[in-house]
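Undergrad: Chain residues, written in single-letter form:
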Amino acid sequence: MAPFLVEAAIKSLILVLLLLTGFAYLTLAERKLIADFQARIGPNRAGPYGLLQPLADAVKLFFKEDFIPEYADRVLFVLAPLITLIPTLLIFAVIPFGPELTLFGYRTRLQLTDVHVGVLYIVAVTSISVYGITLAGWASNNKYALLGGIRASAQMISYELAMGLAIVSVVLTTGTLQVSGIVEAQRNGWLIFLQPVAAVIFFITGLAEIKRAPFDLVEAEQELTAGYLTEYSSMKFALFFMSEYVKMIGFGALMTTFFLGGYLGPFVDLYPGLGVVYFTLKVGFLIFVLIWLRATLPRIRYDQLMSLGWKVLLPLSLANVMGTAVVVALTA
Amino acid sequence: MAIREGEVQEFTLEQLKHLVSERALRGETVLLNVGPQHPSTHGVLRLLVELDGETIVSVVPDIGYLHTGIEKHCESKTYTKIIPLTDRIDYLSPMSNNLAYVMAVEKLMGVEVPLRAQYIRVILTELQRIASHLVWLGTHALDIAAMSVFLYCFRERELILDIFEMVSGQRMMVSYFRVGGLWRDVPEGFEEAVRAFLKLMPARINEYERLLKRNPLWLQRTKGVGVISPEDAIAWGVTGPSLRGSGVNYDVRKAQPYSSYDHFEFDVPLGENGDVYDRFMVRIEEMRQSLRIIDQALRRLPRGPYITPDRKVTPPPKEELAWSMEALIHHFKFWTEGFSPPPGEVYHAVESPRGEFGVYINSDGSPRPRRVHFRAPSFVNLQALPIMAKGGLVADLVAIIGSIDIVLGEIDR
Amino acid sequence: MGELIAFYLLAGIAVATALAMVITRNAVHSALFLVLNLVVVAVFYLLLGAPFVAMVQIAVYAGAVMVLFLFVIMMLGAERVGGTTGLRWQVPLAGALGAALIGGTLFAFLRAPAGLAPVGSPPVPFGDPAAIGERLLTTYVLPFEITSVLLLIAMIGAVVLARDSGPEGK
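So the protein sequences, as listed, match chains A, B and C. Reading the first sequence from the start, the letters are residues 126 to 457 in my numbering. Reading the second sequence from the start, the letters are residues 41 to 453 in my numbering. Reading the third sequence from the start, the letters are residues 32 to 201 in my numbering.
Errors might be hidden in some of the hints.
Computed, partial: chain B to chain A, Cβ under 10 Å [to be verified]:
#1 Asn73
#2 His78
#3 Ser80
#4 Val84
#5 Leu88
#6 Leu182
#7 Asp183
#8 Ile184
#9 Met187
#10 Phe190
#11 Leu257
#12 Trp258
#13 Gln260
#14 Arg261
#15 Thr262
#16 Leu433
Think of the hints as simulated: they come from the structure by calculation, not from any bench. A quick note: this is a predicted structure, and the numbers were derived from the prediction, not measured. We put the CB at the ideal spot given by N, CA and C, even for glycine.
Input sequences plus hints: build the corresponding full structure.
TA: Now the structure itself:
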């Protein structure tokens, strides 16, 4: 086999393993942190400091009855969790976790593949990730689930435009569609300082895209019991759960890459391994912010979500793109 | 159609069609069954909701899933033994229920209650109001997904429950008040515990208020949502904070002062718009006013007996049984047979955390009441839900249910 | 060789999904087959060395447009085509038109063997974002602007129509 394929296979394997264990411990971290925010203790029974909790959860979910409602669309009902999880994992293919470095005498980039239209790839993959949730809602043949599914697609249509435009500002500023190029372009300063408006828009729309509080209308347990998840149990539920947390990591990774200088940091040229550390720290910080928001904020209402997306974020991001274009054209 | 005993009445679809609109029958709107098992119906409330997209066309509350038969049960118990049943009507404010019931019996029998007992009753029912409002605030915030507030509120409520346990031995089902006074005097350390609570609480209430009132998302979710006009609220018999949120100044504590409420200075907070936000602010402010009342009552707490010396409703003291034959006989008769109020009927209402909680007793002169009825504020307030929810969104529905603060145990009794 | 196998495999999937899209009775399934078809076409673009076009294809068609489709289908609850009453006369017409199209294509291929000759490999940065952008704003600026105005008109039209039939329109 070509060395290129071997390299890609090893990298993807490591990536998937890291993401899946990362997801498991992210659930624990979220529960612990929220417990702290709420003056509680949090999980502490399974293993020291509750460290085996994710394992216990996995075992529990594995032995739950795998229930399919009688009038569900069986094929789509089974496919939906997979359709949700796969695009979420695909995002990580183009994210650079560190600079180029030599490992066991083999020079490689800590990135699965560096497509020259990487940014577009990200937009494309995120745009199809909503199908899983929408279909789960529809296939369940349950009114709550359907409402959740419809909310998901409406939310996604409303927020993707603004998100895309925020990314366009980034592309205009850095002049490249290559993800590693965007990171390298931030050597003289993170984009969050050059493009603060785009960063804020990306953060808000990103929250909406991954359906985290306060934009978690899709599952909104107080209104829709569990939205699209209502009829799911056992491992199918676990897959949705998994993709939700992997999405959190993905959001952190994208935000880091686009606005927080990716793997860049002091001495990263001397010790390229440090890049991974910086990257992880930045992503970890963003995930902390996500959890913090969830512990603090009430949920936004459906119509408010729509008007925020169309009446505030979209015009703002358009104006930002125009402004950026003018500045780029004048300075070039 | 006459229904014989033991027969279940069956409803046909034709009989229920009037509940939904014409469009629902044509399949243009969606009928969504919310509850009885649903995270935000505060118990086992079932709502038949008709939706046009996400907009609510109509709401039909369906109750009875928590029917316990308390009213009927009262008819087979002596007057004293009914007290523990009243705890379980509105399980979030047993003190208020106790108070309403014992005061109704006192009214029926013309019993004078010592001032000390009256003041302690006020302190405890006001503490109960704070505890109940804390549960309301926590669950209401949770309904709008501000989940941390929930746990903060329960943390403070625990302090009140500790005080209740101190005085009655029970955290929730207290049964502490007796006809003529209290079960026993408050124990040592009670005043210190209440003072400590009074010292801690104002800052905490400010904290919750800030946490929510300064949050634009919270304001968007509550302002202008679930509006009910004062006229509608009065027409439907809404009472309590839900009525005062619409700006109607009616509080039983002021309108018909009982248990020496007229000795204390306090304000009745009022809203202006009758929306979810106003009801929220009214309850927050009520907690502050309750603290004020508790503070005054505690400062002026008189010494003296904790229960009336009237042997008609009070068992003789234990030590007397050792030397007095009459006392022993009375003790025996009191606990087996109970006491008999004169024939007649009586209604007494108190301001429970949810509104006017009234007790109607019909006595035939025997030791057991002929009929007991509770005017449950939640039951009446729930009727205003369809008016408030119409035209809102699904997300508003849960906010509105939270804002009228219903307790299903009280609705179904 | 590998590319040829990939092409035939994908072509097979593309045709199959396209057929399935037309045949399926359930509108949601139909829409999903269309998504699949669009994704396969995107892979064709990848094979042709035009990743930019491929990604745009997925983002715009498979992503945004089809999500909107699904949204409308679900919102209206129109996933099941009720009977075939209104469409019955269209079936033979559609068959005839389809046959005519296939016939015409075959005729062209058979009569003009030159149509099967390779057209020559595309320029190396084929479908390069910079090149597309430049063309769009220089050579093809007029069609580009006309298209955008057309879309704007369509959008305004949609808003006007929705307003008038809505309850608050009157």
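Undergrad: Each hint should be assessed against the structure and marked as holding or not.
TA: Right, here's what the structure says about each hint:
1. Here the hint on asparagine 73 of chain B is kept, as its CB sits about 8 Å from the closest CB of chain A, short of 10 Å.
2. For histidine 78 of chain B, the interface hint holds, since its Cβ comes within 10 Å of a Cβ in chain A; the closest pair sits about 6 Å apart.
3. The beta carbon of serine 80 of chain B is positioned within 10 Å of a beta carbon in chain A (closest approach about 4 Å), and the interface hint is therefore held.
4. Because the closest C-beta pair between valine 84 of chain B and chain A is about 15 Å apart, greater than 10 Å, the hint is violated.
5. Checking leucine 88 of chain B against chain A by beta carbon gives a least distance of about 12 Å; that is not within 10 Å, so the hint is violated.
6. Below 10 Å, beta-carbon pairs count as interface contacts, and leucine 182 of chain B has one with chain A at about 7 Å; its hint therefore holds.
7. With 10 Å as the threshold, the beta carbon of aspartate 183 of chain B comes within range of chain A, its nearest partner Cβ sitting at about 5 Å, so the hint holds.
8. With its C-beta approaching chain A no nearer than about 4 Å, isoleucine 184 of chain B sits inside the 10 Å limit, and its interface hint holds.
9. The beta carbon of methionine 187 of chain B is positioned within 10 Å of a beta carbon in chain A (closest approach about 7 Å), and the interface hint is therefore held.
10. A cut of 10 Å between beta carbons decides the hint on phenylalanine 190 of chain B: the least distance to chain A is about 8 Å, and the hint holds.
11. Because the beta carbon of leucine 257 of chain B sits about 5 Å from the nearest beta carbon in chain A, less than 10 Å, this interface hint is met.
12. Satisfaction of the interface hint for tryptophan 258 of chain B is found here, the shortest Cβ-Cβ separation to chain A being roughly 5 Å, below the 10 Å cut-off.
13. For glutamine 260 of chain B, the suggested interface contact is upheld, since its CB lies about 6 Å from the closest CB of chain A, less than 10 Å.
14. At about 6 Å, the closest approach between the beta carbon of arginine 261 of chain B and any beta carbon in chain A falls short of 10 Å, and the interface hint on this residue holds.
15. Hint on threonine 262 of chain B holds. Least Cβ distance to chain A is approximately 9 Å, under the 10 Å limit.
16. Taking 10 Å as the C-beta cut-off, the interface hint given for leucine 433 of chain B holds, the closest approach to chain A being about 6 Å.
Of the hints listed earlier, those the structure fails to meet are numbers 4 and 5, in rising order.
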